[in-house]
Amino acid sequence: MAQMVQTTHTSPHANLQVKDQSGQATCFNCVIENHQTQAYNLARRMQNDWALAEDAVQESFVSAYRAFDRFRGENLTAWMLRIVSNTCRDMLRARKARPSVSLDPLPTGDGDESQGLSALDIPSDGPTPEDQAEQLELRETIQAGLDTLQEDQRLAVLLVDVHGMSYEEASQSMGCSLGTVKSRVSRGRGGLRDYLRQAGELLPSRFRQE
Amino acid sequence: MWLLNPKHKHIGQDTLSEYLDGRLLGRDLERVEQGLEVCDVCRLDLEELQATVAMLRQLPMATPRHSFVMSAPPPEPARARQGQGFRVPNWVYAGAASVAALALAVTVSVDATGGLSSDPLRRDVAATALAPDPASQQVTVSSAAESELEPASPSGSEDEATGPPSLAAVTLAAPTSDTTERDGAGAAGGVGIETVPSSAATPAPDTAASPALPETAVQDTGAGPVESTIVSPTAIPAEPEDGQIVRGPRSGPGPASTTNEVETAKSQATEDSVPVSESGELSLFEQDGGGTSTWWRVLEATAGVLAVVFLAGLALRRRAGRRDSA
Chain Y
1 MAQMVQTTHT
11 SPHANLQVKD
21 QSGQATCFNC
31 VIENHQTQAY
41 NLARRMQNDW
51 ALAEDAVQES
61 FVSAYRAFDR
71 FRGENLTAWM
81 LRIVSNTCRD
91 MLRARKARPS
101 VSLDPLPTGD
111 GDESQGLSAL
121 DIPSDGPTPE
131 DQAEQLELRE
141 TIQAGLDTLQ
151 EDQRLAVLLV
161 DVHGMSYEEA
171 SQSMGCSLGT
181 VKSRVSRGRG
191 GLRDYLRQAG
201 ELLPSRFRQE
Chain A
1001 MWLLNPKHKH
1011 IGQDTLSEYL
1021 DGRLLGRDLE
1031 RVEQGLEVCD
1041 VCRLDLEELQ
1051 ATVAMLRQLP
1061 MATPRHSFVM
1071 SAPPPEPARA
1081 RQGQGFRVPN
1091 WVYAGAASVA
1101 ALALAVTVSV
1111 DATGGLSSDP
1121 LRRDVAATAL
1131 APDPASQQVT
1141 VSSAAESELE
1151 PASPSGSEDE
1161 ATGPPSLAAV
1171 TLAAPTSDTT
1181 ERDGAGAAGG
1191 VGIETVPSSA
1201 ATPAPDTAAS
1211 PALPETAVQD
1221 TGAGPVESTI
1231 VSPTAIPAEP
1241 EDGQIVRGPR
1251 SGPGPASTTN
1261 EVETAKSQAT
1271 EDSVPVSESG
1281 ELSLFEQDGG
1291 GTSTWWRVLE
1301 ATAGVLAVVF
1311 LAGLALRRRA
1321 GRRDSA
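Protein sequence lines correspond, in order, to chains Y and A. Heads up, the first sequence stops at 210 in our numbering, and the numbers go up one at a time, no gaps. Heads up, the second sequence stops at 1326 in our numbering, and the numbers go up one at a time, no gaps.
Hints in this document: simulated from the structure, not taken from any laboratory. Among these hints, one or two may not hold up.
[Claimed, not checked] Partial pick of chain Y residues on the chain A-facing surface, computed with a CB cut under 7 Å:
hint, residue
1, H13
2, A14
3, L16
4, V18
5, A67
6, F68
7, M91
8, D161
9, V162
10, S186
11, R189
12, R193
[What the hints assert, rightly or not] To spell it out: a stretch of chain A is covered by chain Y in this simulated footprint if at least three of its residues, at any positions, have a beta carbon under 8 Å from a beta carbon of chain Y; those stretches are:
hint, region
13, 1069-1076
14, 1094-1108
Bear in mind the structure is a predicted one, so any value in this text is a computation, not a measurement. Every residue gets a Cβ at the ideal spot worked out from N, C-alpha and C, and that includes glycine.
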């Protein structure tokens, strides 16, 4: 089960009141605090670029603020992640249309959480440096395998397997039918399995260390 | 082991994926479990799929390096701020452009036909041209045209008196003069001669059939003998009467144009003599109508400009709408 982040309100923030379609008022900054980690991780795995992921999340929250009066009050997480995924897809298409090289400085290994996939995901205590190196390599392989998937399949796999959404929630977030979600999840898993198998990450259980 | 059961069909990837997520029930679930028991290939597929999903689910959630909490509401998009002045619905632009275009068409057509010109004579021409019998108008016109060469003869006036009450005759005065100008320009040797018959044709019916004239004409003209004085033989070559006929509408519509007030007629005759002798009726009309049609031209131009402005506004709105939807 994917790790679900529970964000608590640790710092005061501006009280930005927004109203959904039914007229119910909500503190939008509370919404941000509760969803920014999921949004950021989804964007980062969709984009495979932390800087672009931050831009995507920022843009997504601005879009959500402006469009909150159209939210019908059903599943806020699915609604937010749908905006994030749409923003990421738009950015990916724009990047494909106009490939460019980022001028941002490359992440350093100083423990800054802004750096790439590596140090971000490594817990501060527990594994040895060797384990950390193995985990880092595995995560990079997984990310590389995710990048080989089609956007829709990648998004479905991320929503269901990484963010722990049900098929119903994923269908809301992706704006498609339940059967389409099942198909995309299955094909995405199958594609990633094939990639990992070729990469030697999938060994038969008798060769695997538990 | 699955080779022992040749009827076994491997479990599909979609089914295995649903089985992993616990979404299979009933007979589907039993069938998958039985297949997994007997088929090593299916079991290996399931194991690999399970390992893949486990890797995905073990991916940690990274914490963003900074919070995305907003300190203030995000500014409105630039397009929205620019578009605040264009909140008027599109149909208003379309309707206004249609109205302006219609007004332009009406003004241009009216200007072309002269039917609703500001010139009273032309207005009356257009208004009364349909009233009398066209046949009688033709007769009157032809008789007037024929009588041009015999200006102001009493017999001509008597002949005209037998015609219909000469609203038609007078209302067709202008076209008659045009045709006669074309027909008899060389023979008559000038506009004065051509135009005199029209004036001579009109006084005669006025004198002879003045009781038959409409009340308005009678009221406007005042008295029939006025025309007889205007069309006196001494005034035959004088163009002022012709000019007076055309300009007459200033003081009264239709037939009244031929029966202007005596004093004004005389004074106008002297005033109009020069332009008429130079340019004839049409030019006089244009000259006179030029002043009155100036505002009409302004009206046309205004309608045209408004139509263009509203159409441009509609086009800009639609382009902005496409940008927003994109």
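Verification of the supplied hints:
1. H13: With a closest approach of 5 Å, the H13 (chain Y) hint holds.
2. A14: 5 Å, holds
3. L16: 6 Å, holds
4. V18: 9 Å, violated
5. A67: Not OK, violated: A67 (chain Y) not within 7 Å of chain A, min 12 Å.
6. F68: 11 Å, violated
7. M91: Constraint on M91 (chain Y) not satisfied, violated at 15 Å.
8. D161: This interface hint holds because 4 Å falls under the 7 Å limit.
9. V162: 6 Å, holds
10. S186: Constraint on S186 (chain Y) satisfied, holds at 4 Å.
11. R189: 6 Å, holds
12. R193: 4 Å, holds
13. 1069-1076: With 6 residues in contact (Cβ-Cβ under 8 Å with chain Y), the coverage given for the region 1069-1076 of chain A holds.
14. 1094-1108: Three-residue rule not met by the region 1094-1108 of chain A, so violated; n is 0.
The earlier numbered hints that this structure contradicts are 4, 5, 6, 7 and 14.
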